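Residue numbers (my numbering), protein chains in the order written: chain A, 1 to 142; chain F, 1 to 194.
Calculated from the structure, these hints are not laboratory results. Source: prediction; values computed, not measured. One should not assume that every hint holds.
[Stated by the list, open to error] When the alpha-carbon atoms are kept at most 25 Å apart in a straight line, the in silico SDA-like pairs for lysine to any residue are as follows:
| id | chain 1 | residue 1 | chain 2 | residue 2 |
| --- | --- | --- | --- | --- |
| 1 | F | Lys75 | A | Val24 |
| 2 | F | Lys64 | A | Ser45 |
| 3 | F | Lys120 | F | Ser131 |
[Unchecked claim] Computed footprint of chain A on chain F; a stretch qualifies when at least three of its residues, placed anywhere within it, have a C-beta under 8 Å from a C-beta of chain A:
| id | segment |
| --- | --- |
| 4 | 29-35 |
| 5 | 57-67 |
| 6 | 138-152 |
| 7 | 176-189 |
[To be verified] Taking beta-carbon pairs under 10 Å as the criterion, some of the chain F residues facing chain A (in silico):
| id | residue |
| --- | --- |
| 8 | Gly21 |
| 9 | Ile38 |
| 10 | Arg43 |
| 11 | Lys46 |
| 12 | Ala129 |
Cβ coordinates follow ideal geometry from the N, Cα and C atoms, glycine included.
Here is how the chains run, residue by residue.
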Amino acid sequence: MTQRDDLLGDADLDVLFDAARAEVARPSDSFMARVLADADAVQDSLGAGLPDWAKSPQTAAAPSIMNRLLDLIGGWRGGAGLATATVMGLAFGLGAPNTVSQVATGNWSSAAISTDTQMQVSTAQYVLDDLVPSFFDLAAEG
Amino acid sequence: MALDTHIDASDDALLIAFGNGDRLAARTLTERLAPRVIGYAARLLKDRAEAEDVAQDAMMRLWKIAPDWRTGEAKVTTWLYRVVTNLCTDRLRKKRGTGLDEIAEPEDGKPSQEAVLMQKQRVDALNSALSTLPERQKQAVVLRHIEGLSNPEIAQILDIGVEAVESLTARGKRALAQALAAQREILGFEDDTA
Chain A
1 MTQRDDLLGD
11 ADLDVLFDAA
21 RAEVARPSDS
31 FMARVLADAD
41 AVQDSLGAGL
51 PDWAKSPQTA
61 AAPSIMNRLL
71 DLIGGWRGGA
81 GLATATVMGL
91 AFGLGAPNTV
101 SQVATGNWSS
111 AAISTDTQMQ
121 VSTAQYVLDD
131 LVPSFFDLAA
141 EG
Chain F
1 MALDTHIDAS
11 DDALLIAFGN
21 GDRLAARTLT
31 ERLAPRVIGY
41 AARLLKDRAE
51 AEDVAQDAMM
61 RLWKIAPDWR
71 TGEAKVTTWL
81 YRVVTNLCTD
91 RLRKKRGTGL
101 DEIAEPEDGK
111 PSQEAVLMQK
121 QRVDALNSAL
131 STLPERQKQA
141 VVLRHIEGLS
151 NPEIAQILDI
161 GVEAVESLTA
171 RGKRALAQAL
181 AAQREILGFE
191 DDTA
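Please work from the sequences and hints to get the whole structure.
Spelled out as C-alpha cells, the structure:
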C-alpha cells in the first residue's frame, strides 16, 4: 500500500498511541489524601445506619465494661471456667468443715482407730466417708 | 481482607469489601484506578489539576455507590470511565464560554535524554491533535487506542451502539492522521523503523 503524504500511516499512529499509553499519570500525595478522606467520610456515614455488630472495627461502638472484663479473663470460655471454679469453691467451703474437724480431732471411723501412739495416727486408714465433704450442717441449718 | 489478598482481588470484590466496611480496600482501589482515571481526564481536559478534581469527584461517586454494587452487572472501570466522560463533558461545555484558547497547555517536563524528549514530543503532538477532534470522536479514540478498551465497553461508556463507536474511532483516527501528517519528520518515525 502506498503511503499518502497528507495522512500519517496506521503504524506511525500506533507509535504515538504507544507513547501516550506509556505515560502513567501518577496521582499526587494530596490527591490520594483527599480521595481516602472522602472514602473514610462515606464509610462513616454508611456505618451510621448499621447495627454495632455490622460496623467496621473503626466505627463500632466502644465495648461495655462487662465485655472488657470478659476480655481480660479470656472471653466467654475464661468466664465459664471462673464461674465453675467459684461454684465448686463455694461447695467445698461449705462441705469441708465436717471433714476438717473429723481429721483434726481424730474423730474418724472406729474401725480404723489405733490407740497405741500419736504417730500411729498417720498410718490410720480412713473410711472413705470420713473424707467426703458433708452438707449435713448446712442442711440442718435450713 | 488482608493486604496481600487485596492486591489479587478484583475491582468488584474490593468495591464490595469497601461497602462492607473495609477501609484498606479504598486505598487499593484508588492506587489501582486513579492513574487511569486521571490520565483519561487529563487527555480530555488538557489540564492535570482539573483532571485530579474530576478524578476525585468520580471516586467519591464510586464510594457512594459501593453498598449497592452488584457483581457482574458492570465493570468498575467501565462505570468509572463513563462517570469521568460525563464530568469532563460538563466541564468542557462550561469552558466553551471562555474559549478553547484559555485552556491550559499540559505542563512541560524536563527531559534529560533524547529518547525521553522524543517521547514527550510525540505525546504532546498527539494531545494537540486530539484536542482538534470533536468531543465524541476524541473520547472514542482515547478509550479505544490509549486506554485499550473494547468497542462494546466504549459503547456502554458513551451510551451509543457499537457501530457508532466504530464509526467514531475510524473518523477520529483519520482526522488524527491528517492533523499529524505534517509533523511526520520531527516525530522521528524513521528512527523507530531503522
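Hint-by-hint comparison with the structure:
1. Proximity of Lys75/F to Val24/A is assessed by CA-CA distance (about 21 Å); at most 25 Å being required, the pair is judged to hold.
2. Proposed proximity of Lys64/F and Ser45/A is supported: the alpha carbons are some 10 Å apart, at most 25 Å.
3. Distance restraint check for Lys120/F and Ser131/F: the Cα-Cα separation of roughly 16 Å lies within the 25 Å cut-off, and the hinted pair is therefore satisfied.
4. Closer than 8 Å: that is the beta-carbon criterion, and the segment 29-35 of chain F has 4 residues meeting it against chain A, so the requirement of 3 holds.
5. Only when three residues or more bring their CB closer than 8 Å to a CB of chain A does the claim for the segment 57-67 of chain F stand; here the count is 6, and the claim holds.
6. Under a criterion of three residues with beta carbons nearer than 8 Å to beta carbons of chain A, the stated coverage of the segment 138-152 of chain F is upheld, 3 such residues being counted.
7. Counting residues of the segment 176-189 of chain F whose C-beta sits closer than 8 Å to any C-beta of chain A gives 8, which meets the bar of three, so the coverage hint holds.
8. The closest approach between the C-beta of Gly21/F and any C-beta of chain A is roughly 3 Å, which is under the 10 Å cut-off, so the hint is satisfied.
9. The criterion of a C-beta within 10 Å of any C-beta in chain A is met by Ile38/F, whose closest approach is roughly 4 Å, and the hint holds.
10. Taking 10 Å as the C-beta contact cut-off toward chain A, the hint placing Arg43/F at the interface holds, the least distance being around 8 Å.
11. The restraint placing Lys46/F at the interface with chain A is violated, with a minimum CB-CB distance near 13 Å, outside the 10 Å limit.
12. For Ala129/F, the shortest C-beta to C-beta distance to chain A is roughly 8 Å, which falls under 10 Å, so the interface hint holds.
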